[in-house]
Structures are given as C-alpha cells and as structure tokens.
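Enquirer: Okay, here's what each chain looks like letter by letter:
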Amino acid sequence: MIPAALCVAALAALGLFGAAAARLPAGRWGVYGASLGLSVVLMLAGIDALAAPPSGLTLPLGVPWIGVHLRLDALAGFFLVVVNLGAGGASLYALGYGQHEKMPERVLPFFPVFLAGMNLVVLADDAFTFLFAWELMSVSSFALVIAHHRESGTMFAGYVYLLMASLSALLLLLAFALLAGPEGHYAFALMRARAVTPGMAGAVLLLALLGAGAKAGLIPLHAWLPLAHPAAPSHVSALMSGVMTKVAVYGFIRIVFDLLDGKLTGPPAWWGAVGVLALGGVTAVGGILYALMESDLKRLLAYSTVENIGIIFIGLGLAMAFRATNFPAGAALALTAALFHVFNHAVMKSLLFFGAGAVITATGARDMEQLGGLIHRLPQTSFAFLIGAAAISALPPLNGFVSEWLTFQAILLRPDMPQWGLKIMIPTDGALLALAAALAASCFVKAFGITFLGRPRSAPAAAAHEVDRFSRAAMLGFAALCLLAGVLPGVLIDRLSPVVSVLLGARLPAQSTVPWLSIIPVAASRSSYNGLLIFAFLTAATLLTVFVIHRFAARTLRRAPAWDCGFPDASPAMQYSGASLSEPLRRVFGTTLFQARTVVTLPPPGDTGPARIVKSRRDPIWDFLYAPVGQAVSRVADVMNHLQFLTIRRYLAFVFIALVTLLLALALWQ
Amino acid sequence: MTLVLLAAPLLTGWVRKVKARLLRRRGPPLLQPYRDLLRLFGKEAVLAENASWLFRTAPYLIFAFTWVAAALVPSFATGLMFSWTGDLIAIIALLGAARFLLALAGLDIGTGFGGIGASREVMIAALAEPAMLMIVVTLALIAGATQLSTIATFMLSGVQGLRVSLALALVAFVIVALAENARIPVDNPATHLELTMVHEAMVLEYSARHLAMIELAAALKLLLTCALLICIFFPFGMANAGDAARGYALGLLAYGGKLALVGAILAVFETAIAKMRVFRVPGLLGAALMLSLLGLLLLYISRGF
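These protein sequence lines map, in sequence, to chains A and B.
Heads up: the first sequence is residues -7 to 662, going by our numbering.
Heads up: the second sequence is residues 580 to 884, going by our numbering.
It is possible that some hints are incorrect.
[Unchecked claim] Restraint-style ranges between C-beta atoms, simulated for each label pair:
#1 A:Pro501 to B:Tyr827: 29 to 35 Å
#2 B:Leu609 to A:Val540: 21 to 27 Å
#3 B:Tyr827 to A:Val540: 23 to 29 Å
#4 B:Tyr827 to A:Pro320: 42 to 48 Å
The set of hints was computed from the structure by calculation and includes no laboratory data.
All figures in this text were calculated on a predicted structure; none of them were measured in a lab.
Ideal placement from N, C-alpha and C gives every residue a C-beta, glycine not left out.
With these hints in hand, go ahead and build the complete structure from the sequences.
Expert: Next comes the structure, spelled out in structure tokens:
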C-alpha cells in the first residue's frame, strides 16, 4: 500500500518536473521514462494485491475531519493493473512519439498528473478523495485534450468534454451524498456498514449509472467521447479510451457491487439490472454503428470504445440480474466476463490508438480517405494494428473473442428467470451483442482495409516511413499481449477470481486444474474453449499446407499488373473508399437511424458540368438531446443577460427579496 | 480432419452435377473439382504488382481457419477427440475470422471489384452472423450446452420432440447457410458478371495455388455447413463414441447419404429460384435474424415451445 501511495505522489510531483523541463529533450525522456518506471511498480503492486488481503492507509490530509483514506483490495488491485498497463504502454510509446510534439510544454506537465489522478481514483477509500481524484483526472485530461488548441474543433471538443465531466462529477457527488447519509459517513468503510432503503438504493444506482456512464461513454451520454478522444495527442487518446473509461467502470462497480452490496438490506431489486442491460445493449450496437459511418480513423476508434463499454455494461447488468435473483455462480461468470473485457479492451484499444498515432506521425493524416497502401511502408505497425483489429472484432484465437464468448455463456446460463423484464431483456441483449460483434468485424475491415491496404490515396501516404523503435516496441508488445491473453485465458480468469469472490461471494471453478489449459465456465459437457489448442491447430494447419504445397506443387511466382476483370484503372482515386465500403451498411441501418440520405445531381444532357453526389446524415442523439438542452440554456442566458445592466437600487431590491424568500422558506420548513 | 478435406470437393462436384442434370445438361464429371484443384496447384502464381504479404498469406490462413472449424464439427460419430477445443460459438467465430481475412485480401490490391466484393461481403456477414449466433443460442437453451457433441447427443436422444423454436431455427439456419456459402439467391458461385459478384469479386486477383486454397476453403465451408445442418437437426444414424466398427460404418453410410440428399436439395433450390438484387438481401437476412430471435424469445417465455 505504502509503495503504491508513494508512486502516486511521485507521479504528481513529476508533473512539476514536466513543467520545468518541458522545452528540453531531457523533459521528454525524464517524464515518460519515469512514468514508465512508476507504472511498472504500481502494476506490480496491483498484481500483488490481487492475492493479498486488503491493506489500508489513512493520511492526515484533505478535509480535517475526514482525512485521506486509501485502500488496496483485490478490485482496486485489478484496476491498478489495467490502469498501469495502459499507462506504461503509453509512456513507452510516447518516448518515441513525443518527439514529434510541437508544444511539449502543453503535454508534459499534465501527462503524469493525469496518471496520478487515475491511480488515485482506484486507491481512494472515501468519497472526498474519490471525487477529488476523479476531478483531477478530468481536469488534467481536459488540459491534454486542448493541447493542440489551434486545430479546428479542439476547443469545442474540450468545452463539451468539460461540461460532461462536470455533469458526471455532480451526479457522483449526489450518489455519494445519498450513501453517506445525514451523518456524513464519507469513508467507504462507514458507507458499507450503513443500511440504505430500497428507494435510496435505486436512486444511488441511477446516479452511479449516469455519473460513471457519462465518463465511460454510455449512449446517450457519449457525445463528448468521439470529440475529445481524437483531439488529444495519440498516446493520451489511448489512455483516455483504453484506461480512463475503465476507471469510470471501476467507479460503477465500486458503488454498485461494493458500497451498495445489499448485505444489510437484502438483494437489490432486479429492475435496476434491466436498466443497465438496456443501456448496455443500446450502447454496444449504437456505438459501432456510429463507428461504421466514420471516416476519421481516431473518431472511428473512439466510437468503437463506446461499443466496448456497452459490452462491459451488458456483462455488469447480467451480474446484477443474477445477483438480484440469488444466483451467485451466474453473477460470478458475468462479472468475470465483464472484467476480462475491461482488461482486453484496455490492451486492444491502446494498441489501436498507438497504431493511429503512428499513421499520423508517418503521414500527417487522420482521414482514412487520404490513406491507403501503408502496409508496404509501415510493415510492423500494420501487423500490430491488424492483430488489434482482429482482436477487437472478437476473432479467435485472440483475446476479444474470449471475453465475448464468456459474456455469451452468461447470457445462456439461465432462461427460466421469474421476472418478465429480465426474460425479455436478456435474450434481446444477446441479439444486440451478436449484432455488435458482427458489425465490429465489418467496421475493422474498413479501418484496416482502407488505411493500410490498397494503393496510397495521397502523396504523404505514398512516402510514409516506419515509426521509431519505442513506438513499435509498445505496439508489438501489446499485440503479443492480445495473443497471449487469448491463448491462455485460464490464467487471467484465475487471477480474477479473488476480485469476483470478494464482491459476490462466488467464483468460477479454478481453471488451472483443467487439462490442456482449456477454460470451462460451468461444466465440460456444457461449453469449453481452448485457445491454446485452436492456435496450435491453426498454426499447424497453415504450416502444413504451406509446406505441402511448396514441396509437392508449384512454387514459382510472377508479378504482373492487377487483372481487375480486364479494366485496370490507373488512378488510386478509383479504389473503393471508406465511405463506399460502408455504403451498404449505411443504407441498411443508417436510413432510419441516422436519416442518411444520398442526393445525386446529374447535369442535363449537353451540359459539361460535373455530376454531384451529396451525402448527408444526422446524429439523432445530438439533435434530440443535446441541441435542445443547449438552446434552452442559451435562451435562459439571454434572458438573464438583462440582469447585468440594472441600477444599484434594483440589485438591492433583489437581494432583499431573496433574503425574505429564504427566511420564509426556512420558517415554513420548521 | 482428412476425411472432410477429401470429401469437400466431391460435395461441390455433386451439387454442380445435379444442377446440370436438372437443366438437362450432362454436366461436368463428379471428380471435376479435384482435377481443377490439381491443375491450379501446378500452375505458376501471378501476383499483382502491389500485392502485400497479407495477400499472399491470406489464402493459407483462410484455409486453415476453415479447416479447423470443419474439424470441430462431428461428422458421422459423436465424441470427437478434440471436440472440447471449441464449441459452436467458436466454430462460427473461426468462420468469421476466415471471412475477415478474405474481405481484407479483397481490398489489398486496391481495385474496384475487390472493393465491391468486400463491401457486400461485410454487409452480408453483419446480418448473417448475428442470426447464426441467435440460432446457436436457441439450440443451446434447448440442449443446455453450446458444445456441439452434447447438442448432437441430445438431439439424438429425441427428448426434445418437435418444437416451434427449433422449426424457426431451422428456417433461419437455411437462409443463413445460403448466405454464408455465397449461394443463390444471395450470390451466384458460377457467375463472373461484374455487378452481381460478391465472393468471386473478392478473389478475382487470385491465381494458381492461392486460388486453389480459396476454392478448397469454399468447398470445405459448404461441407461444414451441410454437416452442421445434419448434425444439429437430423443427427439420426450417428455413431456414438463407444460403438463398435459396425456402428461407425453405419454412421459413415448415413452421413454420406444425408450429405448427398442435402446437396441434391440445394441444387434443386438453386435451380428453382433466381438471384436477388443486392439490396434485397438485407431483407432476407433480416427475416432470418427475426425468425431466430423469435424462436429464442419463445424459449424464454415458455420451455414448452
């Protein structure tokens, strides 16, 4: 516990060094190198905490009568691993990537503070520290989002992000206030010991869902995410998408599964689970549909984060449903699946954002329609990106498949629930999850195919060069991790079992005893999966085929111009673009959901002017939720604006009226 | 594993032969697919100038993914040696991985046709895969497992009787199977007419041994789908793990007979109907998705359906 706390303090102090030495090359080496080292130490502390009993620490800081409580239990330990794995990877990547930064003084001071904030959220053991760390994380990441403040759209992204982050903090503040009660039990240990009424528990659940959901990117509170994540430098995007959203998931789990665990008041009501399941399902499919319509590589990745958060919340919703219906074994499976996906997504999404950053470094472009053919110019980056894309599309034998497979197993677990809401919601979520997985594969065919394959669509793409060795090391390391977690999932599931058993009192059967390193969530005859053997079979089949064919059949090879059915086209502009690749899906799903329209204007005969095709789509959530709220706020602000130009007598009158009203209210209250 | 590999082109040849006979043509000999493959294996491969390493390795990987998936489906006996390696969901995901690679290979050269094929393929996949998973979920709830051997044993026992949800799943499965294997009405395996191709458009740039691997993978996939249909919905005659040699021989015979029958039905079906317009396919696949979801919801509402 104490080393972890010291590391967090050191990260915060590193921010000062970053501010002092930002302009020197030593600043970059110092900040990112030290972040890398501290992340590794914190990650080891997290791994230790998984198996060890919880340890706490109270510091005489902060609000005098509360102090700062820190605690490292199994759940915090797991998230410490996730956070610092991502942080370490991003630091390693930034050792190389950071040298292209035009304004390091706007990044270096905030990067370690951001890491410290995320770590502190995970370690916090009282509401005050938690919210302080939460805000530290938000504000420092806001500073990183607006690092390139001169680029168009960045300030708007930062503004929306700041608003949504405040909303999220406000909702969590209210949730903690309800949990603390009138006596002001702000320490988590006191909150656990306090019984809450069912109505109060429902209110806390709703506030936690919206508060943590706004930070994690649940639809409809996701609007800031595709704006802010791409605007930041790529290693920060990786942290925000891969790690910060997971810290929000941690907040939700901490409140709902730990502080509201219902040991005192009986199991929580099942309808809370229906809400979480519904939001999770909508988020999963909605996020990936948005991603499909996108042609900006980083925005596509950000929307894909929204999808994965949906998948995680489906797992959490299932765990809540099973817990509410007294089925701890099922809840353990669902929660394991969700936590496994938390880990997987942190790895995959960091990897993909690193890849996007490498593409930007090499070509200067984020728009996929300007890219293409990079597989020849950036062989290692493209290989790592391909692994990440396949993993996030839930393809075996990689890690994304395992966690989605576990989620499916949880969905299949119990069809005979007595509650109608769950009876309808669980299979519907199964369908939504299946749809999201299939659409994700389509989406990443586009992301990889358009960016890295084909012929270069612009001059910078044709002249791109492979990135530096630190960036490549980070990407290839995470790609190896994707494969490793997919091939040996049992190891990870066993590591997760203390977390799950602390929260739910049940766990999955130990996977290390299963022969051949298979994983068996319930029973061998029911379902099993062996990533290692699948991988071995695939490798063996591939090598065998290659050997047989090259040994006994032809091995000659000739290069020739592309055939293309006899119509080879000279111009790379004739290739399928990202928009044309997703056009069928846009027509199938987008026509009603996004009001996607295509207008073709052909010039009349004889006119030599060009024909035009105009595509349009609208974002229904922005149109129906955000825009009206924004308009209402500005209308109210317009009205209030008059109050700024009054005489002193009127101001005094207002003060007097306000005083009388308050006194009256007080008198009536008593 | 070798059996499915050897039998796969035969099934393709059989479907072609029956189709030709239905059209009152004599048709190619049954063994023609083998000859085609051998000829392709022997030829010099021609590669487009800007083909990447992905384009060259994809055929082998696609073949390996399909082969491993096919090897996980019990053919004539339950209780395969490695059937616990992956369940039905893993089989579908393996096929999904093969398709992911094929779509990428289609995009690699950067030609218009490759793009058309990849674009349509991902649209079809995005609808067919969830439908397939819903069918799996339905089966899993009835049989209480996603393990294919367990499902087959359960179906073999006849406990489930006739169920509405199984019938819905069967209809949905047939539609999805047609789409997955690029058959009429979704795609036409025999066409090279530019605007109608899906699968063929993606593999247009392949030649010689690479093309042969892809053709073999396609044949394997057809066999796999038929075997899956047989194994799940009509498992009678299948040998059990502990049976004597006679049981295995009978199982093998029944398996061959059923495959021939399914192939013949496929040929009749393909002859009888026309190919759909590309943008009518989502309607068809959406119907499959809804049918499978309906079957699933019925199961949640009552165990009796």
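Enquirer: All hints are to be evaluated individually against the structure, with a verdict given for each.
Expert: The hints, checked one at a time:
1. Between A:Pro501 and B:Tyr827 the beta carbon distance is about 34 Å. The supplied range of 29 to 35 Å therefore holds.
2. Under the hint 21 to 27 Å, the C-beta atoms of B:Leu609 and A:Val540, about 24 Å apart, fit the expected range.
3. With their beta carbons about 28 Å apart, B:Tyr827 and A:Val540 fall inside the hinted range of 23 to 29 Å.
4. Restraint check, B:Tyr827 to A:Pro320: a C-beta distance of roughly 44 Å satisfies the suggested window 42 to 48 Å.
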